[in-house]
Structures are given as structure tokens and as C-alpha cells.
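Engineer: Please dock the two separately framed chains into a single complex, following the hints provided.
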Amino acid sequence: MSDALDVNRSILVVGSGMCGLSAALEAAEAGFQVYMVEREPYLGGRVARMNKYFPKLCPPSCGLEINFRRIKNNPLIRFFTMAQVEKIKGEAGSFDVTITLQPRYVNEKCTGCGACAEAASTEIPNEFNYGLDKVKAAYLPHEFAFPMRYIIAPEVIGTEEAEKIKASCGYDAVDLTMQPQQFDLKVGAIVWATGWKPYEAENILYYGFGKNHNVISNVMMERLASLSGPTQGRITRPSDSAQAKKVAFIQCAGSRDENHLPYCSGICCLASLKQATYVLDQVPDATATIYFIDIRALGKYEDFFTRVQSDDRVTLIKGKAGEITEDPATGLVTVQVEDQATGKILRDQYDLVVLATGMVPNSSQEKVPADVAYDEHGFILNEQPASGIIGAGCTRKPVDVATSVQDGTAAALKAIQATWRR
Amino acid sequence: MDKKTGVYICTGCGIGDALDADALSNLATSEFKVASCKLSPILCSAEGLSLMRQDIDGAGIDTLVIAACSPRVMTDAFTFELDKVVERVNLREQVAWCHPAGDEDTQMLAEDQLRMGITKANEMQPLTPFEAEDMSKRILVVGGGLTGMTAAVEAAKAGYEAVLVEKAGELGGYLKDVLKLPPSRPPYEELQENTLATLAEAVAGNPKITVYTGAQVASIAGAPCLFDVQVQQNGSQVSERVGAIVMATGAVPYEAAKLAHLGYGTSPDVITASQLELMFKAANVTRPSNGQPVSSVAFILCAGSRDPEHLPYCSAACCVESLKQAKYFKEANPDTPVYIFYKDMRAHGHYELLYKQLQKDGVFFVRGKITGVEDDGSGSLVIAADDELTRSPMMSESVDLVVLANGMVSTSALGEPFKAQAPKEGEEEAEVPTDTILVSNILNLQYRQGPELPALKYGFPDSHFICFPYESRRTGIYPAGTVRAPMDYAAAVEDGTGAALKAIQCVEMVSQGKAVHPRAGDMSYPEFFMQRCTQCKRCTEECPFGAINEDEKANPIPNPTRCRRCGVCMGACPERIISFKNYSVAMIGNVIKSINVPDEYDEKPRLIVLACENDAYPALDMAGIRRLNYNAWMRIIPVRCLGSMNLVWIADALSKGIDGILLLGCKHGDDYQCHFIKGSELANIRMTKIQETLNRLRLESERVGLEQLSIADYSRLPEILDAFASKVEALGPNPYKGF
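Those protein sequence lines, which keep their order, are chains A and B.
For the first sequence, the working numbering begins at 1 and goes up steadily by one.
For the second sequence, the working numbering begins at 1001 and goes up steadily by one.
Everything labelled a hint here was simulated from the structure, so no lab data went into it.
Careful: at least some of the hints might be erroneous.
[Unchecked claim] Below, simulated DSS-like cross-link-like pairs (lysine-lysine); rule was C-alpha separation at most 27 Å, straight line:
1) Lys320/A - Lys1369/B
2) Lys1084/B - Lys72/A
3) Lys1356/B - Lys344/A
4) Lys1737/B - Lys1604/B
5) Lys1356/B - Lys197/A
6) Lys1667/B - Lys56/A
7) Lys320/A - Lys1360/B
8) Lys1457/B - Lys52/A
9) Lys186/A - Lys72/A
10) Lys320/A - Lys1356/B
Being a predicted model, the structure only gives us computed values, none of them experimental.
The shape of chain B in the complex, shown without the other chains (with noise of 0.2 Å):
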């Protein structure tokens, strides 16, 4: 289909007063031959829409080239059909705002992103959103506590069925064995009762849930909307298809066996916190030595956690679930000695509320260091400790029972490393960083690179838990509750309503053929020309959200559901058989080679920024808002991720003689700022391997660079510019030019 090309050429905002639009507009009909090409003097007005509007409805115009202001900015004035291909050209931002008024330089540089923007438009193909059989809208649920239970209830609540899988022969996982709840209304100091009851009723009664008891997930095969779960349940399996996934499988309480020196396993009157829960709720609280009643009790906070030889982490609900257990022991008798020994008193929010009340009732708090749990030589125990109040060693009075209050360890975090990953020996370059993925036989994923999500420090499996919590690094999959991070009771409810909406979510974008976040709405999708392909695995292990399988020759096979849109694979392959319809290695190579080079005679380099369009892109439109100067040599081509940064491009760029090429991504490393989780990590590894070709073209390595950047770094962008123009310019030109 041929394809015809509108470019429309605003001259509003100063870009008329600082370029010569004339030029431009001659330069897209004579060198471009373009269909229409008009200028406007404010082409978001009326007027300028109608222009456009005009050459769609009269004269076919289907690919519109809007020469104007930033591509994030007036998007609802220059959207249109779906049908129709638009690209922008940042005239205003990233040319007439930070670039000489009628400066030769600054013209050239915007003729050069005119061409480039033509180029991209005349290759990009309208959209049309992915579709496949008898997709699902079913959630299943794995893990049948209160934060899983309540996810299958809340989606339920909405409309939407749930299938609920619990390993245990009945649901309500931790909360089974709990008597009451801590306060979470006013007056905020009374304790609450357990809610497992009504939970489990509305689980029942709803027709709209499915619920496996005494069952497990034996494997995942496919992707969003397309799931096909095995749940294993008594020695048989049962199929069922599901759209998304909710991960509510919790947490157990930290290894007690492990905290001798607390004295657990020395006396029997040592306890956790969840045996000691038990006995309350067996309404039978003995001394489990002699079966005699407890008389005086002492917690122990932090056992395990915030130590770095146990759970480095805070288990973050302990100490209000220790100060509700203290509460228990002064309800039942007000006189009985009760100690609490902290670090830190972690009554956080209105739970501060309680810790008072449980000051007014007489308990006992003893910040400090526990140094040893003895017995003090009639059968009742001593905890010595240094009291940081008092900066001295003190000794507890004797009593019944010691509670340690013993953290949790998320469920996820209970495995070995999945097997593939073992380090590959005798490998000079750079290796793609692996992800943790730990054999937790919880979701067992017919995936390619691991059957668990992929885990962060401590094998908590979200991936950005500032901005978006829910996120995972499998597409369709969220973990909830204390699985995902530790957290108490009230935070597991809204976790698990918050997780179930995640999942609604899922099935309603997917079956619409739309990318989740964090390119959400997005209807491209990567198309794999398997002609060429080579087998070489890259784009299997480097895709960040393990959406691609392998068949047994190693052949990729993709799931367009489970894509994120981000363009790594189509970086990682180099046989560049990976194309989105409007993103592709030929599409940007071509935009490079449309850049006009002046020959080394001109004394004018020319430049590229291949800039993460995420954060370098906004910046560099700060930096234009904030009228800031940089070296005009540079042309921006913005990129949907830096991992999806091709080293072809890198290739064409020299060949065709520009002198140096800079890379503006993400922060990488423990606190990777990067949406699409190694995005920028795999093209600094990309980057070494150009070093070493670029040494072998007796090339210099500095005319390729990267920089690391976040979004408010735009005040350093000149500094990082020019310093690279000038790094550049003092090599001398590309040898290449004008082969």
C-alpha cells in the first residue's frame, strides 16, 4: 500500500522566529516529495487541526509528519485514527528553545530531525492490536490466606470469576491460628476479632469462585489471557484457563531452630510467636515445661530480624503483632509482669495508639541489646541484656515463658537457584546479568527462564515497589501480600484488593490486544521474521520480562502477551529479525542515514543521542523549557528503552560518518531506575563488545559513549553534551565520512 505523507510545519512558540520554516517545508516536498506540506502559525489551534483534517479527509493523507512542539505535550490535539501514522518532530523543545535564533547550526540541526522524522513515518505501519483464541478473563489466585482470599473475594465483588488455590486442606493460611487481629479503627487500643470467618463465608457462598483445597499448581504454560494452569488436588490434575495472576502464597515465621542464642531449643519455655498465637486460640496459655500457667512472660523483638546473620530486613508487622500478644496477657490478668525487649518500637501509624495503651497497662519496655536467655536456677528464665537507657547490663526478674517474636521469610524466598543460571566458564565479554530466580515451587512456570519470578534482594519478587508496587517482571503475574514485602494484617487486605485490580486490569488491556505497564495502552507488538533467525538465544535471555520460549532447536517463540513492548530483543538480536510495526533496527538505521553529514572540510560534526525516551528524552525537554544551551551538532533519536539500542545502529552511524554517538540512559545496579528493569544494564554490556569492534576499525572507543541519567538530571545535560562534542571534535572527523 503506498503511503501518503503530510508533513505540517508549526511556527508557533518561537520556531518560526528561530528557524527558516520555508526551508524546511521545501526540503520535506523536494527531497521528500511528500504529499502536502503546510505550514501553521499555531498548528494546535483550530485552524491548524483543521489543516491536517482537511488533507486526511481531502486528499488521503494517512502518515502525518507534525513538525512541532515536544511529542509530550498537546497529545490530545494531534491524536488521530488509529489507521493513521503520526510521527513529531521536536521543533520547539529540543531546537528553537535551546539553540541560537538563526543560527546556520541550528537550522541544520532542525532540517536533520525533519528528515529523520519523515524517514520513521514513511516506514511505520498503522497499528493493529494482537488477537488471539479463546482468551480469559479468569484470575487465578495461588495461596488461600487472608490476602489471597480476599483478592478472589474483591475480584469476585467486581464481576469477574476466580479460580483459588490453597495448599492446605482448608483455607486461611496464617490467620487459621490466630485469635485476635490488632486495632485498626478507633479508638485504636482495643484489639479486634479475627475476620478468617466471614472471609471464608463470602469465599463459599460466591458462585463466581473455584476453589482447590489441599491442592498445589503443578505448572503455567502461556501468557496473559491465555494461561493454562494444572492444579494438582488429590493425586489427580485439573485444566484450567486463566487471564492473570494474583501471588498471595505469604510468608513463614523465620527458622527458630536457628536462634539458639535467644535460647530456643534450650528451654522449653522458650516460644515463637506463632506457638504462643496458638495457645491463646487453644485458650490454653501453659508453661510448656511443666503444663503450669504463665505467670510472667518476656518478648523478645527483632529475633532474627534486623540482624544481619538472620533476616537483615525489619519483618515489619512483629512489633504490633508482640505489643497485640502483650495485650492478651494484661486482659486476661492486669497484673501479670510482662517485658518487651526492642530495638526500635515499630508501633508505626495509628499503632502508636496501642504501644501507649500498652505503656498505660504496665508492660515493660526494655530498649536494648539481648545478650543471653538463661535459666536463672529454680526453672524460670532471666534475659540479660544491655539496657540502652540505662547503658549497663541488666538482668530481667525471672519469668514463665519467653516469646521471640520471629520475623517472617517471604514464600518466594524458600528455594534453590533455578539451575540454568550457573556461571559459564571461560567467558571474556561482558555477561548478561542473570536474574535470581529461586525454585520455589509455587507458580512452576512453563517459561523459558525459570519457573518463578524473578526475585530482588532478600527473593521478594517485585521489581519497582516505590511507584509501582504491584509490578512484577512477569507479565500478568502480581504478587500480594506478605510475599511480596514483609507487612501486617490491614496492609495484606489492601494488598490483595489492590492486587486484584492489577489483574482485572491485565485481562481487560490484553484481550484488548493493549501492553500492560508501563507502556500501557500500547497496541505494537514485536513480530519475528523466523526466516533469519539464527538460533542464538539472545533475545530468549535477555528479554527482562521472560516473554519469549524456546522450542527444542532453540527457536524463539514469542508471547505477545507477556511482551512489555520495550524493544530489548529487538536490540539483542543480530540478525535484526525482531521489527515492531512502528519500531524496527532497519526503521532507526534509516533514520541515522537520512542525518545529512557535511564533509570533514565543513569543520561540522555530526552527532547522535540515542536517548531512553522515558527519562533522557523528558530531561532533554527540561532542558529546552528551561531555555538551556547545548552543542547543536547533536541529532536526538529517542528510543522506547536503551536495551533496545541495536548495535547495527552504532554501525550504520559510523559508516555513514557521524563522528560520535552518546547513549542517554537509566541508572543501573542495586537501585536501577530503568522501567524496563536491565534496559540500560544491556546496553553498557552491548557497549563494551562495540568498544572492542571500534579498536579493530582503528577507531577511537570515545566517539561512543553512555551516560547514566534520571529525569531531573536536566541541568546537567550541557555539561554532559558539550563535553562529549568536544571530546568528539577533538579526535577529528570519522575517517569513514564520505565512503
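The shape of chain A in the complex, shown without the other chains (with noise of 0.2 Å):
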């Protein structure tokens, strides 16, 4: 590349969940110096948190790890976990980034041992978990996480259950005294890939959500199916830890919604089909029903929702669930709902009830400290007043994995191209 001028090449990946992770490795191996800023203890961002990736049924771990061998292979990227962009000055191909890192309190000698995890006796709610269990406050993220490292939880720094802790480790590794730190970082070009977040179903009042224990979110039901969540992979419910056998998925919990979220957030349909086959699979005789207003199952994801619909123990009803409930002596949860097809309001009771939450992208609330334009729901739009900055994957529109990868992979062209200056 001999028309290259005197220009910072490198670019900034914020946010490493399968998008920010494929914009860096593809601009990793493409020959340009990448720095990656996650704000978890870990890479992977969402999808480290899936059991299974539709329609194939198969552990996002498989390609995480194919991905986080890219990372150790390609000596052209750097990351940094517990950190994020503080400020933003320059233009493309002189941006001035200030990152601030946040205390782990474990420096770069762990060796992931988990000696500090046995001298550790306080429990800290699980974070990665959606907090339905709990964790020693010296703990490795997931089993998964790379980098493989500890982390201790901020509630015992000062306490002599710290100092404890610190004496248990044989390499040096912990230290109490890390206060939040700010570096610099000069870039050519930054691409925003921060993800998203399950719409907030405390919202939506007459789901109950929060109060009907029984009630919860696809999110936490990626934990409750996973063998290395909070109950092994067993679907439970969480009044009393039966298994679940008559399940509920409410589609549309936020999203198509003018009150919540007025956009589709294009997921949840195959999340749910998805779901179905977990419970499915763990108890021959469980049923599985589904309340929709479309099933949004485009190109050949159609596949699995005809396999899917095939199950005799799967029923789909269109209708938009109205009012939630549960019985406080038994747990049992009443779905209230207008079928479409019949115009009868049904009442239906189910052990758990799951509702597919929306996606709120994350720059909705966590802006870009730089000009940056958005949509009134707070996704990044394609044309933006400078260049240099590229939002990607979910901070643009609600995407599925295979489309936040090829957005990611998009993104890092673009931001190649920003430190291309003439």
C-alpha cells in the first residue's frame, strides 16, 4: 500500500461481542493494528451468554473460540477488558481516545488457578447469570471467558476477607490497591459496536415482570437452558425450582409496541422457536406454545420454523398476551390473550412463562462521547456529520448473529477506509 501518507492506521473496536470482535479480527488480518475496548471482565459480549445459536442448534462458544484463537494468533490486536471510552477528540485518522479501565484487582500474573475463588466466602448475585445465582466474590466470569483470568468483586475490597484472599494467591496476582486508570490512545478511525440490551419488561405492567416469579425474560431463559448456568441446564421455575413442563413464550414483549419499542427487534421470533426446543428436549411430554402477532423466521430460517411447527407439542397462537398472573399458593402463571383466529379470549396456565424482550441498543443510553447522530431510539444512522466513526451491528438496527458478522465485517472496511487519507 505505497500511496499510504502520514496518517494513524490503527483502529478502535468498542464493544467485543460478536460484531466489535469480527470488525477486529477482520482489520487485524487485513494488516491494520486494532485496539479492542470491552467493558465486561471478558470477551464475547452477548453471545457468551447463549446456549445455543439458531437455527443450527449448535454453542456460540464453538465459534468464539475459533475467534479468540484469531486474537492470540494475531499479535496486531490488543484488548482491554473492564474499560471504556471516556472521551473522544480528533477527526478520522487523528482521533485521540481516553480509555478508563476500571480495578479488577487481579493483574496480568493470574494464572486461573482459583485459589482466590476457594479463600473467597462472600456471594455476590452472578451477573453473567442475569443474577439467578450467585458467585464467590473472587470468581472467574464463565467457564468460557478469555481472557482467563479472576476477577474480585468491589464489595470485599477493604475488608480483611480481601486480605485473605490476596494471601491465597501464589503468584502475585492480586492487588487490593488498582484504582481506575485513564490511558490514551491515538487512532485512525472507530468503529462502535457496543450492542444491545434486553428491553426493560418491568415495563410493560400487566406482564408482571419482577413480581410474578415465574415470569421471566429469553435472556434469563439462555442461563436456565445452559449447563454451565444457574441450574445445569435444567429448566426450572424459579418459585421452587420444579421442572418446567408447560412453558409460554410471549412474542412482541416491548417490541411492535408504540408504548415500548415501535420497531421489530427481528430476533425474538427465532429465539423463541429456539427456546421451544429446550424445553422440549428435556421432557418428553412438555408442551411449548407460542403468542405471536407474525413469526419473522425470513430467508432460511423458515426451515426451522417449519421443524419447529412440526412438533405436535408445539402451538402457535397469534395474538397479543394482555394481562399476566400468578397464583402465589401453586406458582402456576394465567396468560390472558385474544386469539386472532378464534376472536375467544383464552386463559391458559403454564408452569413458566418466557417473554421474548426487545433489543434496546446500548448507545440508546451509553452515547458516543463524540458527534455522533442517532435515531430517536437511539441506533447509530448510517450517515453521520464526520466520518471516522462507524456504528455496527446492534447499535445500527436490530440484527441476528450471523448479520451483526457481517456488519462487524463491514464496519472494519469502513473504518480502514477512514484512515485512508489523500
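Structural biologist: Structure follows, in C-alpha cells:
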């Protein structure tokens, strides 16, 4: 590339979920220096918490393993966990970015041996499992965590327990004096791929999420079904840990609703079809009922829809669920819905109800600290006032894993071009 | 060149507590006479690393055996210069963390794993990247529609030259006949201008892009960075050398003539979506039957799509495209009655807002199954449907025009199966599964395995569409746009852009002698010892990526830049003539032979596990991280892919007295999880052949097993491994022990 001028050709990727990871790897393998910044203590983002992907029902860790190996083999990628972008100054070709690192209290000498976790006694809610269980105050974020490095919860810092944890480490890896740190990076372009979070189902008052024990969200279902999750993969009712046999899925819980998210979140239909297979694979006489408006199984995903639909234990009912109530005595949850096919008001009882909560871009609340244009829902627009900062994946529109990869790859090229000044 | 080997044993993380490290050290120095052997309480610490550095600099150590944690971790610490050979022995996750500390069996396991590691390291050679003359970094884009033009422009914007070949007389593809585009920006309710003119200008004005219109790719020979493309234009051929290829030939509408049940061909007023688009483009929307203006219209969605008789898949773009066309009518005259008959309205993402807008605009949406499109007797049409909302048959009001959203078919699906794939008759053995290659006349690859990309279901040419959507099964060729999967305009633009980067990345990696996905950066490549080749063709047939051609005498002609380094050819070769510098049949054979097999009176069976290093091996690590316990008779040998397993290893193992061999590979079949497409399936097929051999040798066939395992199945591992060990133990010792 002989016509490169004196500009910074390195790229900052913010977020290391499937989109950010792809953007970073594709750019680095094309020969560019890449810095990746991740808020969580591990790479992989939302997909690391998924049990399986639709439509192949394969584990996300399989693709992540390959991507992590690509990082390990590529000296052009540097990544920072527990890191956030504080400030961005400058323009395409010469951005100055300030990064803040939150203290992990464990340094790079950590070997992942686990002695600290044995020394810890306090238990804190397990964020990785959406608080469905607890974890020791010195912990590995999850089993496949990359980097494989422990973390000490701020809750115990300053206590005797912290000293005990420090004393248990044979590798001088625990540093209780760690403070938040700032440093600057000079980069030529920025890919913003901070992903999404589930819509706050508490806002849909008539579904009673947070009050009804046995009404959970679809992201929680992923952890419940996972062998590495809080129940070792048994899909149980939170109220009494009984196996869930009769499960309902409420589509468009928030999405396609002008009072909540007016857009369609794109992935929830397939996610619920997939989660129905989780339930049915566990218990032969289980049933799954899906309340939907339209089943949006685009492209080849139609096959998966056909396959799940053909199972006699699956019932699809067109209708938007109204009120959801739970009987405190039995834990059974009643879903009320008008069946649009018959016009009848249906009231059915379930062991467990899963809300297919929609997708909210993280960029709606945590904005890029720069002049970036959004739509009213917080999605980053394609057309921007200035070049060099590129929104990708679910910060741009609600998309599935494959599209995140596709979009992350496209964003990486846009970033490469932005560093190409003539 | 004599190798100088150093062995470095870490005693941290519980390894020193579980094992007698001095005994391991003695083994290295006495049994293998290595030049140096050092212990470290923390090998990954600065002190530990300096032990190795001193040996490299001071004692000329060029081969390092690091007996510590899994090769999946501490990769930064344990990376050395390219001229050093490094082999990692996993004493932590796969020995100390999953077997009882201080146990004799645990120690014996560690000793064997060390023997195996030293044996392998001693045979490994430093890597030298593959180089060739006249490597090109230019990108060929086949297809000059939205996706292809985007790919060419985006590659050029990043500084790369592109060659764009379009079959039609001018660029534009489907977009040429399109009036407006669905919304991609707020408020997501208004139609947007067609961007073709801007895009065409960007192509035309770009000195980095060479355009051939009215042209076709007559043939493509060679390999990444060395592709020689013959472009046929105006009866003459031009030769272009390129480095990588974006295949963007798009899709065609599903054949409307097959939709007679929806009135097509019966009434001239039943037309397709693209016919309607042309009418709007020409600003002449009239009824074909009488040339009168259209005062009412009905759209029938899923005309062909989502129909097992026609296209079982969803064409992904038609719901939104029909909403767009409904909007044309409503913009022209808000009072025009517009009906849309649909199954599910797939207005995903922001398109939902367009759907909402059209509901406000007064479009009638009917969810139901169409039962007929008929003449109402006055020359207009009525649509009969089973309305799902009212659960009753319904008839629409009479309309002037019926528009069929007739879906799309990938151009890669248009062709007859490649003839070399006709099944052979009278074959008793399980056959190697052949790829579906349709002769679609797009790339015309001069590849032994067939002229086009192998296709998955419905003719789409991808290979791992969830995690790695751009990957095809031909290295350096990236399908993008509607040829790859049904998609809308916005997605096609992204896809073209992403594919351009994949092509750029390919030329950058390959020109440095590096492999692309999934062993990205690997600098090893297979070398063929041709004197011993028997022209059996197995390597050329079994390579999942079509990397190996054949000459007229059936000698294999390797193309190292097409190679993904999985080793399937090495596993296939009965003469064992295919080797990588750091991975070969003889090397792994010697690793197996280095295992210390106690005699039968010791009652200590020995089992080997050949584990796919992409999934099964990490799962074994996870079992260790979870401190799960399993049988300690297992000796674990990672393989690049189970498809690289050569049957001679099984013979080696059995003749050495090994009691059982377990293969752990990825799921195969339609929803395969193998990163090399069919490696685990090939291993399975080879296994059926070994079973017969075992029976002839009067060895129980149960001594060799294969399990399909995903990376997340680690909690099942103890059960699988223990069950296999018990089964083999029950069979009694291998009678060849001690021979």
C-alpha cells in the first residue's frame, strides 16, 4: 500500500461481542493495528451468555473459540477488558481517545488457578447469569472466559476477606490497591459495536415481570437452559425449582408497540422457537405455546420455523398477550390473550412464561462521546456528520448473530477507509 | 541440522502438588537426553520466561517443550521467534486438574504426555512461509449489481484495484429497473431514491476499477493471489491475474410461469413484482389487459416462497418490497384500494415503521391462504382466500391488478449437478460424501472438484452462515448479496462491503504465506513426497476446499494458497506422503509409539484419544477447569481436525499394544459443526473401514470408537471417557501387547 500518507491507520473497536470481535479480527487480519475495548471482564459480549444459536442449535462457544484463537495468534490485536471510552477528540485519521480501566484487583500474573475463589467466602449475585444465582467474590466470570483471569468483586475490597484472598494467591496476582486508570490511544478510526440489552420488561406493567416469579425474560432462559448456567441446564421454575413442563412464550414483549419499542427487534421470533426446543428436548411430555403477531423467520430460517412447528407439542397462537398473573399458592401463571383466529379470550395456565423482550441498543443510553447522529430510538445512523466513527451491529439496527458478523466486517472496511487520507 | 531441545516444566497451579516433577525432569534428561531441562515454580513469570530465554540465547536451544498449562492459555508468554519450535504439554488442565494428586496413574499419564510432547517437538521443523512469484492483490468482482458495484467501490476506497465483470451491457443488475428503495433512515416511513446513479458514477470515475460489461468469466484457474481469470467480452478473451474473488451474481425472481394457481398466465392482469416495478419506473402503470389505469390492486405475498412445492425458504425481501410498492400506489392516489394478502408480515427491524405507516394509509392487510385468483366476470379479478382472522373463506373486492411477490432464487442454484458426481455403482464401502456443485456458469473454476462453489441446501454457496457468513468452501472466493442468501437492498450493500474486506484480507494474508480462516495466520502447508504417490486420488477427492488439482496421470497438484491447513489430505493418504513441517503422519505415529505401554499383567490398559483441537480439546480443558475427574488411562493427542486422522495411527496404536482408541470430533450431517466442513464425517467413514480390518485381525471392533462432541459438552466428557475405558477393560488386554 504505497500511497499511505502519514496518518494513523490503527482502529479502535468498542465492544467485543460477535460484531466487535468480527470487526476487530477482520481488520487485524487485513494487516491493521486494532485496539479492542470491552466493558465486561471477558470478551464475547451477549453471545457468550447464549446457550445455543438458532437455527443449528450449536453452542456459541464453538465460534468464539475460533475467534479467540485468531486473537491469540495475531499480534496486531490488543484488547482491554473492564474498559470504557471516556473521551474522543480529533477527526478521522487522528483521533485521541481516552480509555478508563476499572480495577479488576487481579493483574496479568493471574494463572487462572482458582485459589482466590477458594479463599473467598462472600457471595455476590452472578451478573453473568442475570442474577439467577450467586458467585464467590473472587471469581472467573464464566468457564469459557477469555482472558482466563479471575476478578475480585469491589464489594469485598477493604475487608479482611480481601486480605485473605490476596494471601491465597501464589502468583502475586492480587492487587487490592488497584484504582481506576486512564490512558490515551491514538487511532485513525473507531467502530462502535457496543451491542444491545433487553428491553426492561418491568415497563410492561400488565406482564408483572419482577413480581411474578415464574415470568422470566428470554435472555434469562438462555442461562437456565445452559449446562454452565445456574441450574446446570435444567429448565425450572424460579419459584420452587420444579421442572417446567408447560411453557409459554410471549412474542413482542415491548417490540412493535408504540408505548414501548415501535420497531421489530428482529430476533425474538427465532429465539423463542429455539427456546421451545430447549424445553421439549428436556421433557418428552412438555409443551410450548407461542403467542405471536407474525412469525418473522426470514430467509433460510424458515426451515427452522417449519421444523419446530411440526412438533405436535408446539402450539402457535396468533394474538398479543394481555394480562399475566401468577397464583401465589401454586406458582402457576395465567396468560390472558385474545386468539385472533377465533376471537375468543383464552386463559391458559403455565409453569413458566418467557417474555420475548426486545432489543434496546446500548448506544441509546451510553452515547458515543463525540458528534454522532442517532435516530429517536438510539440507533446510530448510517449517515454521520463526520467520518471516522462507524456504528455497527445492534447499535445500528436490531440484527441476529450472522448479520452482526456481516455488519461488523463491513464496518471494519469503512474504518480502514476512514484512515486512508489522500 | 541437529536440534537442541529444552524441556521446561512448570510446577505451579497445582502441577507440582499433583506430580513428581523431578521424575518428569529425569525422564526428559535420561530417556530423551534433551540438552536442557528446567523446573520453574511459575514458568509464565518473568523468572520462568528468562530460564527459557537464557537457554535460547546462551545454550542455543531451538526446540522448546513447555510442560505447563494448556496451549489455549498463556499464548503471549509462550510465543517465540518463528525459527523456534514450540510444543506445549498440557500438565495442568488435562492432568493435574482432572486426576487425583500423587496417584501413580496420574504420574504415569504426565510422563506419557511429556514423552509424546518431546517426541513430537523433536520431529517438528520451523516453518517457512509459502512464497510464489507474481502474487496479485487485485480483487475480481463477478456481477455488477448493487452488491458487486458496492464491493468494487469499497475495495477501491481502501486502496485496492478491482476488476468488475458484468454479464449485461451495463452495470446495475436488478437495481436498474427499480424506482425507489425502502426506507433506511428516520422516520423509516418514506421511500428513498434509488442510489444506482451515484454508485455507477463512483465505479466509472474510479481509476482503480476495471469494468467489463457484456462480459462473462470464461474460466478461473489458479489459487488465491495467483488466480488467472479469462474474461470473455465481445467474442474475445482478456486475461486478468487477481488475488481474491467476490461472487456477487445475485438472484433471479422465481419463475412466475410455475404460479398458475395464482392466476399467472391465465389473466394478463396478474403480474410479478418486478413487472410492476418496471411500470412505475416507466411512469406507466396500466392494466396489461386493456391499457387502462389501475384503480385498485392486490398484492399476493409468498408467491412461491414458503411453499414446499416451490421455494421452501422465505425470500426475505418481498414483504418489504411489496409494502414499498403499495406505498407507490398510495402516494399516487391515497384513495386507491390496495390489498395485501400475506402469511406473516415480515417487516423486520425498522421496516415495522413502514408497515405501520401503510396501515395508517389504509392498505387492507389480509392474513390467509390464497385459494384462487379469478375473473369476476367483468374483466376484473377477485382473490379467494381462507382468512385466518375470521377463519372463513373470503373474496376480495374486484381489483384491476394482482401483483405476485414471487421471491428470489440464487443464481448459484441455477444449474445441473456437476456430472463427475454421479454415484459409483457396486461400491460396498461407505462413500466419501460428494459436494453439491451446480454448473451455474458463474466462475467456471478449473478445479478438479468442479467448476463452481459447493452449495448447501437450496443452492446457496455458503459454509458456516452463523459465525462466519462470508466463508465458502473455496478459499479466496467470497459470495455476497442475494447469491449467498435472500436479502434486501440494505443488507446487500453491507454484504458487498464486508465481502470486499474478506477479499482484501485474503490477499494480505496469502501474500505473506499465511492461511485464512479458520486457521488464520498458520504458516505451515502440506508438502507432497510425489515419488511414492500411487495416484489413488483420495487427497483430491476428500479435500473439503478443493485445494488439490490433478494432472492427466492423476498425480495431485497441490495449491498451497487454496489450502486451509486442516490436514484432511494427510489423513486420506494411504501412502502417507503428505506432511506439514509441524504435523505429519509419521510424527503422530511416533507420538503414539512413544507411549509407555505396561504389559498385560499390570492391569493398566492404555487408551488414546484423538481429539479435535477446535472443539473436543477445549472441552477437555473445560473439564479440567471444572475439576471433573475421568479415567487416567487416556492419552490425549490433539489433531487439527478429526479428518486429518490417518488410519495408520490406529494400526500403530494397536500394534504397540494400546488397548483402545477413541476419536472425539464435531457433529456432522446437515447441521455440521466441523470447521473444516466434513472432517469428522470423513473420519467416521474411515472408521467403518478400520472396523473390517479389526475384525480380520480378530480384534474387537469396540476397541475403536468415535464420539461426536460439541465444545459445550464438557460435563458429558467424564461419562463418555469412563464408559469407553470400562468397555475396553471388559474386553481384556490387547493381545498384540508385547509383540
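Engineer: All the hints need checking, so say for each whether the structure fits it.
Structural biologist: Consistency of the hints with the structure:
For the suggested pair Lys320/A and Lys1369/B, the alpha carbons sit about 21 Å apart, so the restraint of at most 27 Å is met. Distance restraint check for Lys1084/B and Lys72/A: the Cα-Cα separation of roughly 18 Å lies within the 27 Å cut-off, and the hinted pair is therefore satisfied. In summary, the hint linking Lys1356/B to Lys344/A is supported, as the alpha carbons are separated by about 25 Å, within the 27 Å threshold. For the hint pairing Lys1737/B with Lys1604/B, the CA-to-CA distance comes to about 12 Å; that is within 27 Å, so the pair holds.
At roughly 24 Å between alpha-carbon atoms, Lys1356/B and Lys197/A fall within 27 Å of each other, so this suggested pair holds. Restraint check: the Cα-Cα separation between Lys1667/B and Lys56/A comes to about 11 Å, which is no more than 27 Å; the hinted pair holds. At roughly 20 Å between alpha-carbon atoms, Lys320/A and Lys1360/B fall within 27 Å of each other, so this suggested pair holds. Straight-line distance between C-alpha atoms of Lys1457/B and Lys52/A comes to about 21 Å, which keeps the hinted pair within the 27 Å bound.
Pair hint Lys186/A plus Lys72/A holds up; C-alpha atoms about 23 Å apart against a cutoff of 27 Å. Using a Cα cut-off of 27 Å, the hinted pair Lys320/A and Lys1356/B holds, with the two alpha carbons roughly 16 Å apart.
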